[in-house]
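Here is what each chain is made of, one letter per residue.
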Amino acid sequence: MTATVPRDQETRERPATSPQAPRRSAVRWLADHIVLIIGILVLIYTFVPIAYIFALSFNQPSARSATAQFEGFTLNNWTSICEPEGLCESLQLSVLVSIVATILATVLGTLMAFALVRHSFRGRSTSNLVIFLPMATPEVVMGSSLLAMFVSVGVDGLLGFATLVIAHTLFCLSFVVVTVKARLAGMDTRLEQAAMDLYANEWQTFRLITLPLAMPGIVAAAMLAFSLSFDDFIVSNFTAGQSVTFPLYVYGSKLKEFPPQLFVVGTIMFLVSFLFVIAGEIWRRRRAAALR
Amino acid sequence: MTSGLDTATEPSGPVVDGETSKRRGWGWLLLVPGMLWLAVFFLFPTVQLFFTSLYDPSGSYEQGYTMTWHFANYVDAVRDTWDLFARSFVYAGIATAVCLALGYPLAYAIAFKAGRWKHFMLVLVIAPFFTSFLLRTLSWRTILADQGPVVDFLQTILILPEDGRLLATPVAVIAGLVYNFMPFMTLPIYASLDKVDHRLIEAAGDLYASPFTGFRKVTLPLSMPGVVSGTLLTFIPASGDYINAELLGTPNQYMIGNRIQSAFLTEHNYPLAASLSLILMAIVVVMVVFYVRRTGTEDLL
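Going down the list, the sequences are from chains A and B.
To convert, note that position 192 of the first sequence is 192 in the numbering used here; the numbers rise steadily by one, no gaps.
To convert, note that position 50 of the second sequence is 50 in the numbering used here; the numbers rise steadily by one, no gaps.
Just so you know, not all the hints are guaranteed correct.
Stated by the list, open to error - Here are the simulated lysine to any residue pairs, SDA-like style, with alpha carbons at most 20 angstroms apart: (1) B:113 with A:32; (2) B:113 with A:33; (3) B:113 with A:30; (4) A:254 with B:168; (5) B:113 with B:123; (6) B:118 with A:276; (7) B:118 with A:278; (8) B:113 with A:42; (9) B:113 with A:26; (10) B:118 with A:277; (11) B:118 with A:220; (12) B:118 with A:254; (13) B:118 with A:41; (14) B:118 with A:282; (15) A:254 with B:195; (16) B:195 with A:276; (17) B:195 with A:288; (18) B:113 with A:25.
Read the hints as simulated data drawn from the structure, not as lab findings.
All chains, please: the whole structure from these sequences, using the hints.
Structure below.
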């Protein structure tokens, strides 16, 4: 650090004597902030469709299909979310499938992560490979192989909630394992040793030290699993049978008329997740402050 | 999501009293339920898919198929669809490169330049992606439409000819892939950059490295695990995707995913669909293994 100080002074003095001082400092400012500016531009780009969805949720379409232009302001779409036939049923199914799949994937995946990080046994690298494979499998392959299995086992008449949960748990599982594993691998095991030294038994150590420390990783994994599951179209398209999840409903609407209420749901999804993440951030700061 | 594939297999906790922090014994039992799930619903269907791919292609969905070990299915599949495979990997490759070009500066800005806005910016990276990706892709379809604002603007500044269009072109499909898989690139890179010890970068500066040299010799190599995870997490789903090609392109831009989907769900041609799926999976796995070896990040697997 000390060596950079003289250079800083040097560059700071130079513009003062130079006639082109303002331009130089502008260039310098730009050089310092160019990455930040690019980053913000990229962020703005990712928000373009969100702004579009938000605006169109207040649209009063004249035609029956609502994808086109903004024609008039209305709040009707917000008060009649459930009006399009099947929309709310599809949301209900999606929420239910995602909750069950998230719980299953988080529990199974966390156990696996603990086994892989905390215990040594033969076949660990094989296990790692088996966990990695589903992530290296394109979704269309996973969906089609599951459908082929369900058909050949003869349960294709029963496609629906159960097969959706099975499929969603499957593709969430690997993501949960890697997320929790990353958290566990970075944890300081001396804290657990200290607890044991202070006569905590294995269960107490786990409940009071290990689990709270691993919690941020587990929560992050569960949130990831939920969002992957809730937004999944490709695998669901193969395994849903006659049931309709929200993404399948959107896809179906694209072919027929497109109810403007879909934009309302999109906006609500954005707002709810945004609030969730902000709340999590506040909770994290409080916790960090309390620990200090 | 912040971690991606970025995992260390060994715990970094120090060894105390010469005793390893790993316990032997019955800990592996924790692995059993999850492994059973993967075996029954992933490995078994994949093996079965292999058998399906060898069925007699003259059978049909209604009459059923007979197993004839018909390896020629693979030859037929490749002969009929090699152009779709080529297009898929070209589109996915370009999309991955663009994602890297956009995602790396964003991740870098968040990790090093955002200051106290760091977590807020991170939230902004993730937030758009909680809205249904189909809705977002359909929005792009309208935004990029022939009468839409983007085409108008590009025609005004003469980048696009008067009759030029974006929708239904490869550009739109690739842009859609870039958009949809961006966080899978940004977040692992951010996770790697965030771990970089700032003192190393300062040390490079102290040793008279220019900021650019410092970045090239210190920051970039240290962020490689994130770059590798990010490119994999982008490239793999992008190569199998068929939604962007369907919504933003025409059959002329269709990728292998479109073909597999229609072979399975519309034509019920299971042998063809199964052999296409397995070829896709095999190519992806081979590419991943080769890539990971090349970049020397085997720990990721």
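- Message: For a quick check of understanding: which of the numbered hints are violated here, in increasing order?
- Response: Violated hints: 12, 15 and 16; rest satisfied.
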